[in-house]
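*Asks:* Here is what each chain is made of, one letter per residue.
Protein chains: 2
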Amino acid sequence: MTLLFKDTLKTLPPKPESGEFHMAKVTVGPMPYMSVMPTVLVGANVKGMPNYMTAAWATVACLAPPMVCVALNKERYTVKGIEENRTFSLNVPSAGQVVETDHCGLVSGTKTDKSGVFHSSYGKLKTAPLADECPVNIECRLFTAVDCGSHRLYIGEIVEIHADTACLTDGKPDIAKIKPIVYAQAAYFGVGKEIEKAFSAGKKYRK
Amino acid sequence: MTLLFKDTLKTLPPKPESGEFHMAKVTVGPMPYMSVMPTVLVGANVKGMPNYMTAAWATVACLAPPMVCVALNKERYTVKGIEENRTFSLNVPSAGQVVETDHCGLVSGTKTDKSGVFHSSYGKLKTAPLADECPVNIECRLFTAVDCGSHRLYIGEIVEIHADTACLTDGKPDIAKIKPIVYAQAAYFGVGKEIEKAFSAGKKYRK
Numbered sequence: 000m001t002l003l004f005k006d007t008l009k010t011l012p013p014k015p016e017s018g019e020f021h022m023a024k025v026t027v028g029p030m031p032y033m034s035v036m037p038t039v040l041v042g043a044n045v046k047g048m049p050n051y052m053t054a055a056w057a058t059v060a061c062l063a064p065p066m067v068c069v070a071l072n073k074e075r076y077t078v079k080g081i082e083e084n085r086t087f088s089l090n091v092p093s094a095g096q097v098v099e100t101d102h103c104g105l106v107s108g109t110k111t112d113k114s115g116v117f118h119s120s121y122g123k124l125k126t127a128p129l130a131d132e133c134p135v136n137i138e139c140r141l142f143t144a145v146d147c148g149s150h151r152l153y154i155g156e157i158v159e160i161h162a163d164t165a166c167l168t169d170g171k172p173d174i175a176k177i178k179p180i181v182y183a184q185a186a187y188f189g190v191g192k193e194i195e196k197a198f199s200a201g202k203k204y205r206k
Numbered sequence: 000m001t002l003l004f005k006d007t008l009k010t011l012p013p014k015p016e017s018g019e020f021h022m023a024k025v026t027v028g029p030m031p032y033m034s035v036m037p038t039v040l041v042g043a044n045v046k047g048m049p050n051y052m053t054a055a056w057a058t059v060a061c062l063a064p065p066m067v068c069v070a071l072n073k074e075r076y077t078v079k080g081i082e083e084n085r086t087f088s089l090n091v092p093s094a095g096q097v098v099e100t101d102h103c104g105l106v107s108g109t110k111t112d113k114s115g116v117f118h119s120s121y122g123k124l125k126t127a128p129l130a131d132e133c134p135v136n137i138e139c140r141l142f143t144a145v146d147c148g149s150h151r152l153y154i155g156e157i158v159e160i161h162a163d164t165a166c167l168t169d170g171k172p173d174i175a176k177i178k179p180i181v182y183a184q185a186a187y188f189g190v191g192k193e194i195e196k197a198f199s200a201g202k203k204y205r206k
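Residue numbers (numbering that gives the first Met the number 0), protein chains in the order written: chain L, 0 to 206; chain E, 0 to 206.
If you're looking for bench data, these hints aren't it; they were derived computationally from the structure.
Any given hint could turn out to be false.
Derived DEER-like restraints, expressed as beta-carbon distance ranges [claimed, not checked]:
id: 1; chain 1: E; residue 1: Lys206; chain 2: L; residue 2: Ser199; range: 43 to 49 Å
id: 2; chain 1: L; residue 1: Thr143; chain 2: E; residue 2: Glu83; range: 22 to 28 Å
id: 3; chain 1: L; residue 1: Lys203; chain 2: E; residue 2: Lys123; range: 30 to 36 Å
id: 4; chain 1: L; residue 1: Asn72; chain 2: E; residue 2: Lys73; range: 25 to 31 Å
id: 5; chain 1: L; residue 1: Gly148; chain 2: E; residue 2: Lys171; range: 18 to 24 Å
Beta carbons are placed, not taken as given, at the ideal position from N, Cα and C, and that holds for glycine.
Model the full assembly from the supplied sequences, consistent with the hints where possible.
*Replies:* Shown next, in the form of structure tokens:
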């Protein structure tokens, strides 16, 4: 046994209590990895004009009060708007808007005016532009920002959610109608088939 | 026009510059919403025993150094382990592990010993249990935690990523092989078909 194979061998040979368990793990190094992520457009007013940038490093940050967070490279044009106004939006594009969505990730607001890619509205906050064509808009007031290194994690309290009436089921946004874009390994994917209900499938568990 | 319909009417009638644009938006209220999320198992040692809890409020927090974040209810058993050891893991289960995964979200470590749901290994950190059966394990050292209200957002620096050799393509974790679980509206979904490549589809954009 040499040190070279230490990591591969870590979970080998199969543990005595499980004759069927043979997964061989290797270390692939630290990297900014998450299995799957949402695709959103971060909206901010920069110099008084709406700007949208594509982001995937976003999730829910709190239940009560409801909050979301999004990690943005500190050099991004969008960051200027969030820091100036202390407001931003996360807009959920539909699969049919993948070209516009990717465009907003390819070009920077420093060089290209992206205010015409979507129509913009304003909700309760008057400085967080909402992309009208996106089926869901999450309107946020900046709660705090955490400097992590290359990126700053912006945590925003959700002030309001605006949704296309055609995308609601029982008053809530429905992915079957929204057709949100899943982001993984530098590509956009649809949502696949439902596997199981949460808080339910686990009842079948037997040790 | 009454105040009652103010929000519905906000984006109506269609703006003059776009005769085709007729989306009707309504406000659905602030709620902890994100279109789609990853399904992960947060691993932590609590009282010296590995414990795994299901979470979906997770994403990448930084590129350099690589970091992830996960929002956890402050009352969770897992939280005790993260705060004691200042280490945790995010484990990516495969679609075939949905029952075990949901089980870890249904029962609390305060009442049920979950150390036997998966085999556990330890990597570079000696207190962040890695669920051997999960195809990808993200080993994290706590960078900081942000108190948001009901939830605390744990931001961890990725120390190492361990992956099943059978789930790699060109040395990187591949969703086609991992079959990760997408979480949305209290259900688990597979990843759907690839729609477009990122940093590419946007080149087709014409104003």
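*Asks:* So, for every hint listed, does it hold in this structure?
*Replies:* So, going through the hints one by one against the coordinates:
Checked against the given bound of 43 to 49 Å, the beta carbons of lysine 206 (chain E) and serine 199 (chain L), roughly 47 Å apart, stay inside it. Hint check: threonine 143 (chain L) to glutamate 83 (chain E), Cβ distance near 25 Å, so the stated range 22 to 28 Å holds. Evaluation of the 30 to 36 Å hint for lysine 203 (chain L) and lysine 123 (chain E) yields a pass: the beta carbon distance comes to about 35 Å. Distance hint check: the CB atoms of asparagine 72 (chain L) and lysine 73 (chain E) are about 30 Å apart, consistent with the given range 25 to 31 Å.
Separation of glycine 148 (chain L) from lysine 171 (chain E) is about 21 Å and conforms to the stated range, judged on CB atoms against 18 to 24 Å.
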